[in-house]
Amino acid sequence: MSNIPARDILGKFLVENGDKYENMVVLSADLSLSIKTDIFAQKYPERFFNFGIAEQNMIGASMGFAISNKMPIVCGFSLFTTGRAWEFIRLACHDNLNIKFVTTHAGLVGGDGSTHSALEDLSLMSCLPNLNVLVPGDNVEIEKILEYAFNTPGPFYIRLPRGSLEDIHKKDFTFNPNSIDIIKEGNEINDICMIGVGSGSSIAIQSVSKLEKDLNISIKIINQSVVKPINIKNFISRIKNDKCILVIEEHNTYCGFGSIISRIVSENCPKYIKTLGIENSFGQSGSRIELLDYYGFNYENIKKIILDLIKS
Amino acid sequence: MEISQTEEKELSVDILEIKKEILKMIWLAQSGHPGGSLSCISLIYILYKNIMNIDSNNPNWEDRDIFILSKGHAAPALYAVLSKVGFIKKEDLFTLRKFGSKLQGHPTKNLKLGIEISTGSLGMGFSTSIGCALAAKLDNKDKKIFALLGDGELNEGVIWEAAMAASHYKLDNLIAVIDRNGIQSDGSTEEIMALEPLADKWKAFGWHVIEIDGSNIKDIINGFEKACNTFRKPTVIISYLIKGSDVSFMEHTKKYHGKPPNKEEYEIAITEIDKQIKRIQGDL
Ligand SMILES: Cc1ncc(C[n+]2csc(CCOP(=O)(O)OP(=O)(O)O)c2C)c(N)n1
Numbered sequence: 001m002s003n004i005p006a007r008d009i010l011g012k013f014l015v016e017n018g019d020k021y022e023n024m025v026v027l028s029a030d031l032s033l034s035i036k037t038d039i040f041a042q043k044y045p046e047r048f049f050n051f052g053i054a055e056q057n058m059i060g061a062s063m064g065f066a067i068s069n070k071m072p073i074v075c076g077f078s079l080f081t082t083g084r085a086w087e088f089i090r091l092a093c094h095d096n097l098n099i100k101f102v103t104t105h106a107g108l109v110g111g112d113g114s115t116h117s118a119l120e121d122l123s124l125m126s127c128l129p130n131l132n133v134l135v136p137g138d139n140v141e142i143e144k145i146l147e148y149a150f151n152t153p154g155p156f157y158i159r160l161p162r163g164s165l166e167d168i169h170k171k172d173f174t175f176n177p178n179s180i181d182i183i184k185e186g187n188e189i190n191d192i193c194m195i196g197v198g199s200g201s202s203i204a205i206q207s208v209s210k211l212e213k214d215l216n217i218s219i220k221i222i223n224q225s226v227v228k229p230i231n232i233k234n235f236i237s238r239i240k241n242d243k244c245i246l247v248i249e250e251h252n253t254y255c256g257f258g259s260i261i262s263r264i265v266s267e268n269c270p271k272y273i274k275t276l277g278i279e280n281s282f283g284q285s286g287s288r289i290e291l292l293d294y295y296g297f298n299y300e301n302i303k304k305i306i307l308d309l310i311k312s
Numbered sequence: 313m314e315i316s317q318t319e320e321k322e323l324s325v326d327i328l329e330i331k332k333e334i335l336k337m338i339w340l341a342q343s344g345h346p347g348g349s350l351s352c353i354s355l356i357y358i359l360y361k362n363i364m365n366i367d368s369n370n371p372n373w374e375d376r377d378i379f380i381l382s383k384g385h386a387a388p389a390l391y392a393v394l395s396k397v398g399f400i401k402k403e404d405l406f407t408l409r410k411f412g413s414k415l416q417g418h419p420t421k422n423l424k425l426g427i428e429i430s431t432g433s434l435g436m437g438f439s440t441s442i443g444c445a446l447a448a449k450l451d452n453k454d455k456k457i458f459a460l461l462g463d464g465e466l467n468e469g470v471i472w473e474a475a476m477a478a479s480h481y482k483l484d485n486l487i488a489v490i491d492r493n494g495i496q497s498d499g500s501t502e503e504i505m506a507l508e509p510l511a512d513k514w515k516a517f518g519w520h521v522i523e524i525d526g527s528n529i530k531d532i533i534n535g536f537e538k539a540c541n542t543f544r545k546p547t548v549i550i551s552y553l554i555k556g557s558d559v560s561f562m563e564h565t566k567k568y569h570g571k572p573p574n575k576e577e578y579e580i581a582i583t584e585i586d587k588q589i590k591r592i593q594g595d596l
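So the protein sequences, as listed, match chains A and B.
Just so you know, we're using the numbering used here here: the first sequence kicks off at 1 and counts up by one.
Just so you know, we're using the numbering used here here: the second sequence kicks off at 313 and counts up by one.
Just so you know, these hints were derived from the structure itself, not from any lab.
Computed from a predicted structure; not experimentally measured.
Below, a sample of chain A positions facing chain B; criterion: calculated Cβ distance under 10 angstroms: (1) Ser28; (2) Asp30; (3) Ser32; (4) Gly52; (5) Ala54; (6) Leu79; (7) Val109; (8) Gly110; (9) Gly111; (10) Asp112; (11) His116; (12) Gly286; (13) Glu290.
Under the rule of at most 16 angstroms between Cα atoms (straight-line distance), these lysine to aspartate or glutamate pairs were calculated in the EDC-like manner: (14) Lys410(B) / Asp293(A); (15) Lys70(A) / Asp95(A); (16) Lys566(B) / Asp38(A).
If we take Cβ atoms under 8 angstroms as the criterion, some of the chain A residues that face chain B in the derived model are: (17) Ser34; (18) Asn50; (19) Phe51; (20) Ile53; (21) Gln56; (22) Phe80; (23) Ser114; (24) Thr115; (25) Gln284; (26) Ser287; (27) Leu291.
No residue lacks a Cβ here, since even glycine has one placed at the ideal position from N, Cα and C.
Let's have the full structure, built from the sequences with the hints guiding it.
Given below as structure tokens:
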């Protein structure tokens, strides 16, 4: 049985915290039913604003709310929010405004296809100064990250998938942006450190025991929900003993998390690093299972990449 | 163009048959947008069948008229019409949204199939149509550009940027058609982001405005003809339609905006449409 979809966790979190964050306003661009912000709208109609299908105006307005001491939560699909209104977001970050952009439908989206996939949003968001970019790895972490973001002033981008995430944490998990979240311990020195972002973490977990057995290697897995800003000192201290790194992310490989980490690793403790992401594509229609398989998020391909890494 | 009563009935039956295909496509895909595909099918079909100059054997023909489905989520409606007029093989329709299919969830540029440009992110297709209309003027070509917009889509700022540009450049070769079904994703257009007085808005932007009953075939044809014979101004046809039309439980509701029918619903829908076809044919 699959988990509760990410958007339901978001909708529930918003409505349950309406009283706690009195200055919170929730903004939508005709997608409140799709993203489940409608339950907040029902309970707090005076603090919910639907701008219609007008992402730029929604985000422009969020800036006005922010300089008027409100905490706008901007909810939309990942692509339309980050893509259509990018320059608005840039200015919001430029002025370090307290706006939380929480989007769903990141990565591969299934039937909707290439025009709706969001495989570029981390590139668009990670280049913006001041912006915190966070990608929860499972449902527990979605709640913890929302809580952290709501309690921390400044702009945040929180990236959620269309569907559900597999559990990778225990219920008592706590989120700390500075600590490195090791979800599978390895040895003192490991042949491979797999670093998952979002759905990438559970993909790593699913293949790890078979990989260790089949290849007779030791593997550690980090769930790296913090895309930006990364605590470089702590990060490097946790990967410095591992021989090679494999990043797994549901994003394109041009300028995604893999690129960010490759730079940090090469500048601080060079070692072989590869990224499993979506190569040179805008995505396409298909079931999630078919698409993940097609783009190489499968056991055989992960094994092949790891063999290449080990050889090098 | 006068059409006979028989022709009118034939078109009505064709439209209902296409609706059955759309429902089957979305049902088999188990995802997609039935409401806004059913609403606008009469407009797209009559455009391709009676109005536009196109040639499915020569999709690159330079002088062809251009259709842009700016409300790209109605892709099943476009695909079903493109199949009816010879661009897409009928059996391919039922690969909609499936892995490896040319028929993506939203239109993806493929001239052989008659798809001029990718759409799905609302608002963009309309700007594209402005560029096509300007280019046709530049080339002194007597071709028409048609863009189909959702009424919710009109919320996007770029729609009004494009509307300004079209009248500024006196694009009388551009015809915008609005599927005024009154419902968008979250609810009624007037509740979510009020559009009325819509005709006045377009008039103020310098457009020739025609309002039609989008379920009346003669009205549609007359509307398009008037639009094609308008000079020095772009024309917008505001077409009053019903979201999910001809399937009782899909009509006038946001419920089936982005939700496929299940098997039982699909079967009821087909039975309802078949009944209507019989009624019209009994009358033929
Ligand atoms: C830029 C953008 N924002 C949001 C969406 C998601 N979306 C798809 S359809 C839709 C509602 C469209 O309403 P309308 O234009 O009235 O279409 P219709 O009722 O004719 O189906 C929305 C919000 C999108 N496709 N593109």
